[in-house]
Amino acid sequence: MPQNSSSRPDPHPDALPPGGPAPRPAPADGPGPSATSTPSAGAGGRPSPRVGWPEIGVGLVVAAALIALLLAATSLIPQDQEILRGLALYAVSALGPLGGFAAAVALRVRDVRAFGLRRVSGRWLLVSVAIGIGVIVLNLLVTAAVVTLFPPPENIQAGYQAAATGGALSFLGALVLGAVLVPIGEELFFRGVLTNGLARYGPWVAVLVSSTVFAVAHGINYVLPVAFVVGVIGALLLRRTGSLWPGVVVHAVNNLSSVIIPAVLAGAV
Numbered sequence: 239m240p241q242n243s244s245s246r247p248d249p250h251p252d253a254l255p256p257g258g259p260a261p262r263p264a265p266a267d268g269p270g271p272s273a274t275s276t277p278s279a280g281a282g283g284r285p286s287p288r289v290g291w292p293e294i295g296v297g298l299v300v301a302a303a304l305i306a307l308l309l310a311a312t313s314l315i316p317q318d319q320e321i322l323r324g325l326a327l328y329a330v331s332a333l334g335p336l337g338g339f340a341a342a343v344a345l346r347v348r349d350v351r352a353f354g355l356r357r358v359s360g361r362w363l364l365v366s367v368a369i370g371i372g373v374i375v376l377n378l379l380v381t382a383a384v385v386t387l388f389p390p391p392e393n394i395q396a397g398y399q400a401a402a403t404g405g406a407l408s409f410l411g412a413l414v415l416g417a418v419l420v421p422i423g424e425e426l427f428f429r430g431v432l433t434n435g436l437a438r439y440g441p442w443v444a445v446l447v448s449s450t451v452f453a454v455a456h457g458i459n460y461v462l463p464v465a466f467v468v469g470v471i472g473a474l475l476l477r478r479t480g481s482l483w484p485g486v487v488v489h490a491v492n493n494l495s496s497v498i499i500p501a502v503l504a505g506a507v
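Take the position in the sequence shown, starting the count at 1, then add 238; the result is the number in this note's numbering.
No lab work stands behind these hints: they were computed from the structure.
Mixed in with the good hints there might be a few duds.
What the hints assert, rightly or not - Estimated spans, in silico, between C-beta atoms of each pair:
#: 1; residue 1: A406; residue 2: A311; range: 22 to 30 Å
#: 2; residue 1: I315; residue 2: S359; range: 25 to 33 Å
#: 3; residue 1: Q317; residue 2: L364; range: 39 to 47 Å
#: 4; residue 1: L410; residue 2: G440; range: 41 to 49 Å
Values in this document were obtained by computation on a predicted structure and should not be read as measured data.
Idealized CB from N, CA, C, for every residue including glycine.
Take the sequences, apply the hints, and build the full model.
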């Protein structure tokens, strides 16, 4: 009995369909606005959890506890040791957020790429330097306006300025702590944890809420508006590039001016 042609084995099972293989979609130029919101693969190929409220909560508790403990230790430094106290304050500003970030990473996600620790092109880093210079100009304008329009405010930067103007060694310490470690620590926590953790509520909620928390963390004073702008810029750069490093550069350039300008005016360098 003849076989039905539909039941015969295909003599060329590996042959390509007519017209060749289907074209693969072209890769995107880079991570899009929601690049950091996509969970990466974890062990066994399963996607890692997204950054969320557990990371935010644990990070906030650990950062606040570290800052409280370090400030208590700083208070033991004699008042006349202004330079040492200033360097200690820089260390508090860096280590508190760094500890909060480390706790958030260790909780569930454990993949730093989900927090925005990704490579970024040199072009974006150069753009960030230019933006940072613009923030310096804004900072000077805001300070001039506050001094002109209001009674002289309390110099909340006095401790930091003492470290910057205390000689070559303390100036170097202020540069390393204030212009390197503080921007890295604060961007890792406020953008890496907080902005990414709030991304599920939409980009503007994530950007504005995380920037507001960042600004308030600097105190209700004349620094607040510039801190808010730095936060918004860092969060927008994170969404645009998928990386924290452009925001770190903007932050570092602004902080660099806060170390160098007082030192130059005081003739310390």
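The hints, checked one at a time:
1. A C-beta distance of roughly 26 Å is found between A406 and A311, which places it inside the suggested range of 22 to 30 Å.
2. Checked against the hint of 25 to 33 Å, the pair I315 and S359 fails, with Cβ atoms roughly 43 Å apart.
3. In this structure, Q317 and L364 meet the distance hint of 39 to 47 Å, their C-beta atoms being roughly 43 Å apart.
4. The hinted window of 41 to 49 Å between L410 and G440 holds, with their beta carbons roughly 43 Å apart.
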